[in-house]
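J.: Those protein sequence lines, which keep their order, are chains A and B. According to our numbering, the stretch in the first sequence is residues 56 to 226, in order. According to our numbering, the stretch in the second sequence is residues 56 to 226, in order.
Watch out, some of these pointers could steer you wrong.
What the hints assert, rightly or not - List time: in silico DSS-like cross-link candidates among lysine-lysine, alpha-carbon distance up to 25 Å: (1) A/Lys101 <-> B/Lys95; (2) A/Lys98 <-> B/Lys98; (3) B/Lys92 <-> A/Lys102; (4) B/Lys101 <-> A/Lys92; (5) A/Lys95 <-> B/Lys92; (6) B/Lys217 <-> A/Lys98; (7) A/Lys98 <-> B/Lys102; (8) B/Lys95 <-> A/Lys100.
Stated by the list, open to error - Away from chain A, derived, C-beta distances all over 12 Å, residues of chain B: (9) Ser74; (10) Ile163; (11) Ile181; (12) Gly189; (13) Lys217.
To be verified - Now the in silico label distances, taken between C-beta atoms and shown as ranges: (14) B/Asp119 <-> A/Gly83: 58 to 64 Å; (15) A/Thr58 <-> B/Thr150: 50 to 56 Å; (16) A/Gly83 <-> B/Val117: 54 to 60 Å; (17) B/Thr150 <-> A/Ile226: 23 to 29 Å.
Quick caveat, the hints were computed from the structure, so don't treat them as lab data. A virtual CB, placed ideally from N, CA and C, is assigned to each residue, including glycine.
2 protein chains.
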Amino acid sequence: MATIGVLIDDMFEDVEYTSPVEAFKKAGYKIINIGLKEGKPVKGKKKGTLVKIDNAVKNVSVNDFDALLIPGGCSPDHLRSYKEPVDFVKDYFNTGKPLFAICHAPQILITAQLIEGRRITGWRSIIQDIKNAGAEFVNQPVVEDDNIISSRGPQDIPLFIKACLKRLESI
Amino acid sequence: MATIGVLIDDMFEDVEYTSPVEAFKKAGYKIINIGLKEGKPVKGKKKGTLVKIDNAVKNVSVNDFDALLIPGGCSPDHLRSYKEPVDFVKDYFNTGKPLFAICHAPQILITAQLIEGRRITGWRSIIQDIKNAGAEFVNQPVVEDDNIISSRGPQDIPLFIKACLKRLESI
């Protein structure tokens with residue numbers, strides 16, 4: 056079965072981690088949490104969910120993963136202030152493998168300069184940033200553009216999971 | 056003495072509120088906290104500082120203020136997902152009166168589409184957003200461009216306060 060990397064840091068939007076990860080595990084996929092520091096527990100923003108980082112992003116290879124999930128909250132903004140996660144996302148993205156981005160996740164794609172000319176959605180506060188990055192903001196629950204599957208936020212989770220699982224079945 | 060509005064919401068960077076506000080009060084300026092809901096206590100991100108919103112942003116006029124401070128943290132991103140604070144910042148900005156922006160504060164200026172062609176600084180995670188908005192990102196502790204005084208984050212607070220106080224003396 057495929058392995059899904061989850062790129063995450065403190066203050067992630069709890070349900071944008073817990074719900075997709077639960078669904079992916081139930082479907083038999085392996086989850087590897089990647090972040091700034093191996094072994095560090097990172098904490099959710101609203102419910103305080105603790106997630107242990109399995110591997111530091113600087114020590115992983117894009118070849119380790121068949122898909123990448125980036126939950127939202129403040130986590131993407133934290134991550135994008137460091138070089139390693141931004142470089143990893145860039146390298147991963149360029150493989151063309153599926154990238155599942157929800158809520159504030161496009162922030163790290165913007166810093167990595169990856170969304171110009173793409174159709175994408177995300178949390179309403181970052182709409183102008185998405186547009187300024189040269190992407191088309193699409194106000195829909197799920198937007199699929201080549202390897203990017205994106206959703207706006209917690210309200211879209213069921214449809215986001217459905218689209219991600221469908222994509223995972225095809226790889 | 057002049058009146059300074061402070062535009063703020065939950066998860067603000069504590070010291071980016073407490074330090075400038077303490078200095079401004081000590082210098083004799085009046086502070087009015089404005090936010091989404093009058094009377095609501097908003098909470099700092101790291102130290103849990105509680106700040107009571109004096110006036111809802113929808114009920115204030117740009118004429119009520121001689122200067123505007125926007126602290127960072129997650130507060131600017133929260134605020135910019137609502138129409139009223141974005142409209143207020145736009146209206147205030149167009150008066151040409153001083154705007155003190157630190158850390159993540161440029162996020163709301165980006166959503167209000169106010170920084171194209173301007174020189175500005177801010178927190179390192181939003182550098183690409185600042186550039187994509189058509190502004191020049193300047194990696195300095197304090198950047199003054201016409202009515203905008205901006206700083207990068209907590210490390211710049213002493214110089215930020217000094218520049219803000221100097222500007223307040225001249226109005």
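J.: If a hint holds in the structure, say so; if it does not, say that too.
T.: Hints, one by one, checked against the model:
no.: 1; hint: A/Lys101 <-> B/Lys95; verdict: 19 Å, holds
no.: 2; hint: A/Lys98 <-> B/Lys98; verdict: 18 Å, holds
no.: 3; hint: B/Lys92 <-> A/Lys102; verdict: 23 Å, holds
no.: 4; hint: B/Lys101 <-> A/Lys92; verdict: 20 Å, holds
no.: 5; hint: A/Lys95 <-> B/Lys92; verdict: 37 Å, violated
no.: 6; hint: B/Lys217 <-> A/Lys98; verdict: 36 Å, violated
no.: 7; hint: A/Lys98 <-> B/Lys102; verdict: 16 Å, holds
no.: 8; hint: B/Lys95 <-> A/Lys100; verdict: 20 Å, holds
no.: 9; hint: Ser74; verdict: 21 Å, holds
no.: 10; hint: Ile163; verdict: 9 Å, violated
no.: 11; hint: Ile181; verdict: 8 Å, violated
no.: 12; hint: Gly189; verdict: 8 Å, violated
no.: 13; hint: Lys217; verdict: 26 Å, holds
no.: 14; hint: B/Asp119 <-> A/Gly83: 58 to 64 Å; verdict: 60 Å, holds
no.: 15; hint: A/Thr58 <-> B/Thr150: 50 to 56 Å; verdict: 55 Å, holds
no.: 16; hint: A/Gly83 <-> B/Val117: 54 to 60 Å; verdict: 58 Å, holds
no.: 17; hint: B/Thr150 <-> A/Ile226: 23 to 29 Å; verdict: 55 Å, violated
Comparing the model with each earlier hint shows violations of hints 5, 6, 10, 11, 12 and 17; every other hint is respected.
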